Amino acid sequence: MRTIPLGVSFALLTLVGCSSGSGSGGTTTPPPPPPVAASPTFAPTPGLFTTGQSVTLADTTTGATIHYTIDGSTPTTTSTTYTAPIPFTADVTITAIAVATDYTTSPTTQGLYQIAGPTVSVVQSTHDQTQLMAAQAATLFTDTTAGTNNVIVDEAQTYQTIEGFGAAFTDSAAPLLEQVIAADPSNYLAHFRLSTVYRKLHRPDDVKRELDAYTRYKDMHEKLTSIYKTLDSPDKTPGK
Amino acid sequence: MRHLLHPTLTLAGLLLGVLTCASAIAQAHPAPPAPTSTTQPIDVPQLVDITASTHIQFEHLSSSDQKYIVESMSGGVALIDYDGDGYPDIYFTNAPSVAMALANKKARSALYHNNHDGTFTDVTDKAGVGYPCWAMGAAVGDFNNDGLPDLIVSCFGGVVLYRNNGDGTFTDVTKTSGLAIDKGWATGAVFGDYDADGNTDLFVPHYVDFNMNDLPQFGSQITCQYHHVPVQCGPRGLKGSPDALYRNNGDGTFTDVSKAAGVDDPSHFFGLGAVWSDFANDGKLDLFVANDGEPNYLYRNDGSGHFKDIALESGVAVSDEGVEQANMGIALGDYLNDGKMSIAISHFSEEYAVLYRNDGNLSFTDVSHQAGIAHPSVPYVGWGDAFVDLNNSGWQDLVLVNGHVYPQVEDAKAGIAYREPKLVYINQHNGTFREMSAATSKALLIPQVSRGLAVGDLFHRGVLDLVVENLVGGPMILETKANPSNHWVSFALEGSPTNRLALNARIRITTGTQQQLQEIRSGGSYLSQSDLHIHFGVGKARTLDKVEVLWPNGPTQTFTNVQPGHFYTLKQNGKLVLADPTR
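Chains S and X supply the protein sequences, listed in that same order.
Numbering-wise, the first sequence is residues 1 to 240 according to the numbering used here.
Numbering-wise, the second sequence is residues 241 to 823 according to the numbering used here.
Hints listed in this document are in silico derivations from the structure and should not be mistaken for laboratory results.
Heads up, some of the hints might be wrong.
Lysine-lysine pairs mimicking BS3-like chemistry, simulated, CA-CA at most 25 Å apart [to be verified]:
{"#": "1", "chain 1": "X", "residue 1": "Lys524", "chain 2": "X", "residue 2": "Lys811"}
{"#": "2", "chain 1": "S", "residue 1": "Lys218", "chain 2": "X", "residue 2": "Lys479"}
{"#": "3", "chain 1": "S", "residue 1": "Lys218", "chain 2": "X", "residue 2": "Lys548"}
If you want the footprint, here are the derived chain S segments under chain X, 3+ residues with CB under 8 Å [claimed, not checked]:
{"#": "4", "segment": "192-198"}
{"#": "5", "segment": "210-222"}
Note that the coordinates shown come from a computational prediction; the quantities given were computed from them, not determined experimentally.
Ideal placement from N, C-alpha and C gives every residue a C-beta, glycine not left out.
Only chain S is shown next, with the shape it has when bound in the complex (with noise of 0.2 Å):
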């Protein structure tokens, strides 16, 4: 199962602010204690990735070590020390601290990387019309339970491949019912229907073409049909 955000989604990154630490002289002053070591840097910056990446850490602190985690741990001298940069082609939470020789550990580093689910392109329609199919910013599905406006996505679950969603059945209905027209210009059946399919679109142009041509031939049919029984009609009186 997959937790997608709707809307444009940022990595996170937690820096825990620096602190140099600072005393005061004084001849009776104990020794200061020790400066804390610089935190880990992460290039890139943490984020939101369309391809797998390699993060280098690196660190400001003279012979500083650094550990790692990957899963979100925080980190100790006993966690994986830092050789070479770390490559991910899933998400992955990086946790780093910088170890040195007369200095304190460093406070923690973490960095949220993502691989983005496929981009996708938005349109946007609103009822009352000043939008209609408007393309917007692309937006890219992440894969995050955080945040609201969810879509539940269940991996394990696969259909047919189909072009989107919501709308692939009218889309393709309107080709369809233009095909038939276009073979039989008179069938207003198709007219109505097709006028139905662009209302569900929002086209209300061809809406009102489709229903003008809808009425002009369906007249004609019930006069033509009106004729036919009034010829095959004994008296001969037409109906209305």
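Place chain X on chain S using the hints.
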């Protein structure tokens, strides 16, 4: 009854299309799941025929062979609390045969007073409403803003306006009100304040331009046959009659504004039913008109005294196959509990009762088949219809009463009968209904020639009963027995200072995650009038978390933590008052 010879984005939401080819479609109504298995138990309300014990002796007159269409269309029934005691009284319309009329004999309509004890008393003569005209149907409105329900009777030959005097009597004010100019075959007349001036206006659809001096001869033409059997002529083959809108001048008189308002029906369609409702949710009353065998009208009110017909582009003019049906009775209801009023319409046999689902934004979809409405209705000629929560479940069921037009229909050997059963469709809470007439009541299976249907809690029992007027013989009064563990609530609204009957006021209630919406309306069904109380079933809910009263001419009032199981009254801008009846 025409037969066939054959955020600001709140409503819309933000619509996302995915992968560049996809389009945006409002998925306000996902396709309903398959109907529940028939083996699954469903809580079924029971309807009991209590007609005999009500002491109602009314019988609608009819000719045995119904040789003229004007003899087939009467039978509207109105629930009207004329004496203001909180209990609905009943007005039955009546009509003569052509032979009677030619002999200057009249048919007596009847007003029955509700005695609160399960019985009614005929008070017609005292009330003075026995002989209005060749009556078709009736509706309620308060044309003079005195808070008393007045009665409009539609007639073959205009309308009759009865002013309620408040003392148990009515006065025929048709002439002084200016409504005597209406001469047509009036059908589903309805009151509504379309111009929001505080004075309720009157719309009168008209049916056939029927000439008593040139009677169409029974069976004489191809349009006077049904399955090759000679029958009455019409409406096909006869001329239609234009509709009329009468603006209330506020001084007891009305002015014909049909043409200026754009609702004069220049096509002369066969108008039968009408309802006022704010379909656009823009604060202005729109108008839906059911036309027999012709496209319906959905008139959108532009707020400047003019209407535009948008029925075709809204999807309510014709069936989903682009076919005009014999549109007769109209029911409005939020059967999905999604805050939108959908439209159900009864039709002729070999057609189907239609359910136009309201998709919002003035767009409707004919879902009759997938909702389970269409198929059971095909054999019958439907008339009165109503959305009604029979079981206090919190979901609107649908009732449809039937009866054919042609007594000769059984000669056609087409498996169609003149007298027909009634249909009850139980809401399955998923966008579909199940026809459960037999499980609901044996009385529904009794074949009758039904016409009018009105709904109301006749004896303040916390359930909605049914009153059916039949064209042939006496009416049928059906007492509803809902699941006693389900709760309910009832509201009586009074507008102030105008619209005293609170027409087109709506109430939206919230119980847990569920919302329901209902509206007070004049007329509707088939030429009938239901009670003006708003009744909600709320299922197992023990509290109404929120009650919102949406006044058509004022700010919304909201009440919280309202207890079910009671009757409440509310005067506009006042407090919600407990008003359980004393027995």
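Now the hints, each set against the structure:
With a C-alpha separation of about 21 Å, the suggested pair Lys524 (chain X) and Lys811 (chain X) falls inside the 25 Å cut-off, and the hint holds. For the hint linking Lys218 (chain S) to Lys479 (chain X), the alpha-carbon distance of about 20 Å falls within 25 Å, and the restraint holds. Of the supplied pair hints, the one linking Lys218 (chain S) and Lys548 (chain X) holds, its CA atoms being roughly 22 Å apart against a limit of 25 Å. Counting residues of the segment 192-198 of chain S whose beta carbon lies closer than 8 Å to any beta carbon of chain X gives 4, which reaches the threshold of three, so the coverage claim holds.
With a threshold of 8 Å between beta carbons, the proposed coverage of the segment 210-222 of chain S by chain X holds, since 4 of its residues qualify and at least three are required.
Going through the hint list in order, the structure satisfies each hint without exception.
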